[in-house]
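> Sequence:
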Amino acid sequence: MNELEIRYSISKKLKAASLLCGVYLLCISAGVSIFQVIAKDYSFFFFAGIAGIVIAAIMILSVTLWQSKPLIVIDNDSFRLHLPKQRIDGAIEWEKVTYLGIGLSYLTMTTSDSKNFKIDLENLKYIDLRNIKTKLIEICEAKNIPYGNL
Numbered sequence: 010m011n012e013l014e015i016r017y018s019i020s021k022k023l024k025a026a027s028l029l030c031g032v033y034l035l036c037i038s039a040g041v042s043i044f045q046v047i048a049k050d051y052s053f054f055f056f057a058g059i060a061g062i063v064i065a066a067i068m069i070l071s072v073t074l075w076q077s078k079p080l081i082v083i084d085n086d087s088f089r090l091h092l093p094k095q096r097i098d099g100a101i102e103w104e105k106v107t108y109l110g111i112g113l114s115y116l117t118m119t120t121s122d123s124k125n126f127k128i129d130l131e132n133l134k135y136i137d138l139r140n141i142k143t144k145l146i147e148i149c150e151a152k153n154i155p156y157g158n159l
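When you read off a place in the sequence shown, starting at 1, and then add 9, the result is the number in the working numbering.
Hints are computed from structural coordinates only; laboratory data are not their basis.
The model shown is predicted, which means the values in this text are computed figures rather than measured ones.
Take every hint as true, because none was put in to throw you off.
The list that follows gives simulated cross-link-like pairs (lysine to aspartate or glutamate, EDC-like), each with its CA atoms no further than 20 Å apart:
| hint | residue 1 | residue 2 |
| --- | --- | --- |
| 1 | Lys105 | Glu147 |
| 2 | Lys124 | Glu102 |
| 3 | Lys21 | Asp137 |
| 4 | Lys124 | Asp86 |
| 5 | Lys144 | Glu14 |
| 6 | Lys105 | Glu150 |
| 7 | Lys78 | Asp129 |
| 8 | Lys152 | Glu102 |
| 9 | Lys134 | Glu12 |
| 10 | Lys134 | Glu14 |
| 11 | Lys144 | Asp129 |
| 12 | Lys127 | Glu104 |
| 13 | Lys105 | Glu12 |
| 14 | Lys144 | Glu12 |
| 15 | Lys152 | Glu104 |
| 16 | Lys144 | Glu131 |
| 17 | Lys144 | Asp86 |
| 18 | Lys144 | Glu102 |
| 19 | Lys152 | Asp84 |
| 20 | Lys105 | Asp122 |
| 21 | Lys105 | Asp86 |
The following label-pair restraints were derived from C-beta to C-beta distances:
| hint | residue 1 | residue 2 | range |
| --- | --- | --- | --- |
| 22 | Arg96 | Ser121 | 10 to 20 Å |
| 23 | Glu102 | Ile136 | 19 to 29 Å |
| 24 | Lys78 | Glu131 | 15 to 25 Å |
| 25 | Ile111 | Leu29 | 37 to 47 Å |
| 26 | Glu14 | Lys152 | 12 to 22 Å |
| 27 | Asn153 | Cys36 | 51 to 61 Å |
| 28 | Thr73 | Ile37 | 16 to 26 Å |
| 29 | Ser77 | Lys127 | 18 to 28 Å |
| 30 | Lys49 | Arg16 | 44 to 54 Å |
| 31 | Glu102 | Ser18 | 23 to 33 Å |
In this text, a Cβ means the ideal position worked out from N, Cα and C, and glycines have one as well.
Produce the entire structure from the sequences given, and follow the hints as far as they go.
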């Protein structure tokens with residue numbers, strides 16, 4: 010079975026455009042700063058070049074390394090969750106799940122160590138909510154985990 014990953018981040022086109030603009034700004038700003046250092050003229054253009062380098066670095070990092078983690082990852086082994094304001098932040102192994110309740114915009118899970126989890130999904134898009142429910146039903150049927158509507 011395929012892994013389902015729900016990630017809300019910027020689109021690939023916007024990411025590529027921002028990365029291209031950041032690299033361009035970095036090159037131009039570095040060139041201006043280097044020419045000012047060679048000329049030993051530490052005027053406005055030198056400091057504008059340094060500011061451009063800092064802004065370009067922030068722009069590049071914001072579309073690469075500083076992107077958020079996936080909100081939900083569902084695979085054959087576990088259900089990983091990184092939603093804000095949830096009681097659980099981590100993973101639930103499918104081997105420990107004894108029952109899955111599927112509500113309109115929430116899930117309830119009961120585990121073998123008698124823990125009950127209520128996962129609120131109301132801040133997700135409808136299409137993502139539908140995909141999550143479909144994937145959960147598919148996994149429950151494959152692993153013989155009882156499930157039902159709430």
